[in-house]
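Asker: Taken in order, these protein sequences are the chains called A and B. For the first sequence, full-length UniProt numbering assigns the number 1 to the initial residue and increments by one for each residue that follows. For the second sequence, full-length UniProt numbering assigns the number 1 to the initial residue and increments by one for each residue that follows.
You may find that some hints are simply not true.
[As the list claims (entries may be wrong)] Which chain A residues face chain B? A few, computed with CB under 8 Å, are given here: (1) 54; (2) 55; (3) 218; (4) 226; (5) 230; (6) 232; (7) 249; (8) 253; (9) 277; (10) 280.
Hints were generated in silico from the structure; no laboratory data involved. Note that beta-carbon positions come from the ideal geometry of N, C-alpha and C, so glycine has one too.
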Amino acid sequence: MKKTITKFVGAAATVAAIMAMAGCTAKNSSAKGNTATGDKVKIGLNMELSGAAAGYGEQQKQGFQLAVKEINKAGGIKVGDKKMKIQTVIQDNKTTTSGSASVAAQLATKDKVTAVVGPATTNDGTASIPNMTKAYVPTVSPSATDPDYTLQKNGKVQTYVFRACFNNDLQGETAAHFANNTLKAKNVAILQDNSSDYGTGLASAFKKAFKGSVVSKQSFAEGDKDFNALLTNIKSKNIDAIYVPGYYSEVGLIIKQARQAGINVPIIGSDGMADPKLAKIAGDQNASKIYYTTPFSTMSGATNKTAKKFMADFKAAYGQDAPTFSALAYDSVLMIKQAIEDAKSTNSVKVAQALAKIKDMPAVTGTTSVDKNHDPEKPIVVEQMTKGKVVSATAVK
Amino acid sequence: MHTVLQQVINGLSLGSIYALLALGYTMVYGIIKLINFAHGDIYMLGAFWGYYVINTYHVDFIVALLSAMIVTALAGMIIEYLAYRPLRNSPRITALITAIGVSYFLENGMSYLFGANTRNFPQVVKQHNFTALGISISNIQVLILVTALILMILLQLIIQKTKMGTAMRAVAVDQEAAALVGINPDHVISFTFGLGSALAGAAGVLIGLYYNSIDPLMGMTPGIKAFVAAVVGGIGSVPGAAVGGFLIGLLETGVQAIGLSAYKDAAVYVVLILILIVLPAGLLGKNVKEKV
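So here's chain A without its partners, still in its complex pose (with noise of 0.2 Å):
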């Protein structure tokens, strides 16, 4: 009943946005793309701010505003010899694909930005691209981790999508060669959180590279609580670790519902978990023999400077410990203001062709360089936890 009407309303907002679109290709075609006119910078955020996702949406709004705050504290983005400061226009795509597509083109062709960070998610960014790429805007997602994202069907890169975080193959594979040459393991139950791409991405991905066997591979939904039925059920089967991508507010879950039906295996996940909740939703005795891939973590301060820093301004301006879509955001918007001064212009066209080419840029989650697929390359760290608190990271080739 909810999902019809969530769909009637849907549609109509695509409606609107396919209209919005037909008002301006006509005014865009002399001039290609959006260039700031006044002595401010234009960027759009394109973000789950309510609805399912709105959890992660809402940590990746603080990155992005706490990465415009400190631009802007220190003179704005140098384009040419002038500095301009940002100018952010936020908008709620509702976790719905018609919202993000009309948030889209509203951002594009009404707020004329240079540059957009997100959505959140793999669906909801592929809803966005043929807006996007309608009025030639880049746009960088924090978290839209499906290999396919940026490509299009015929397998060319999609020219003006980016992201900043890692895709799906890569975080499985490095997953699975972990379990298999660290770990030793022979067994292993798959656990996945198929209500997303990147749950069932993950798991096929880690299957095809793991050299055991997998003898359990069971699926639950976004906003369960109750994994005790799956957990029994695992526990009579003679496992070496389980693999778990999801995220944290569900796999804190299945760690501590493991540990209390006596399940001590490992327990192996993705960058979803990075996060301080993970351990306090697991409880600190459970969250033991837990390992992840992840591009950030509460380590990272030790050895990058920037994430050092990034982390001290946002326990200071949000009281709490740095989460990893929040990184990632504010490494969106890092990269943007790279890509704006490597290309001495506002005009968005312009920004995406340097988007394009950044090349060992200094940024929270690693030294980033942008593949010829659009994917970000950086390194990638196997982190441990013990009594809730990581006490390793391990990178990883």
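Given chain A, work out where chain B should sit, using these hints.
Answerer: Then chain B, alone, in the frame of chain A:
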């Protein structure tokens, strides 16, 4: 064998939560024929109230549970007064759509005011496991089952033995005739909303304690599953809702136990469809012909 028994325990503790929620649906439906879709969100309010009082005033579990029941009872009555009472004489579909609106209002209102993040519920009762014959059951699981059973018995006593309960049953049969013999239907309906909401609030605190994680959208899925439980048990029938809740909990666990976890939600809805086709009045519902 151990595994099977363990799964039965898992199913019962999940089912007791659905049962508590289903009772609220069924009571409200029994009296004013309204499916209160905002019921799942009352459960969320209960969990958040528990979170708030435990974190702020460091009260113990019992105080948190009872105060959450009072607060959600008030919330339920206020919602009834503001949203449903003005529509008492409108077509049923109007009230139904309003209920969906109230549900959205509560979900998004809480996200807006307090943030959509998942937060961890303070663990006021330390968890430990009892193990016997290879089956383990935690003290919190026992607590949930016992609390649910006590509340259900209390509810049954209120409905069958008190004056208010008699009035509730009278209004459920015929609102106008009840008014003729001196019952104020508004008071009775308000009381029913309060009672149902209090049970949902209790379920919210129990869930918070058991799973240690709450968020503003936590009421969505359990709310709909509890609705299914109420229909399976026979909507309008109080013992039916309890039975339906336990059945849905066991079904969901059973489907996962045989390795079909991807279909656990689908299985619940398949049962809903089957019941509606084969036994539209539900397991314990009475098949009453509508008067024209």
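Asker: When the hints from earlier in the document are held up against this structure, which numbers fail?
Answerer: none
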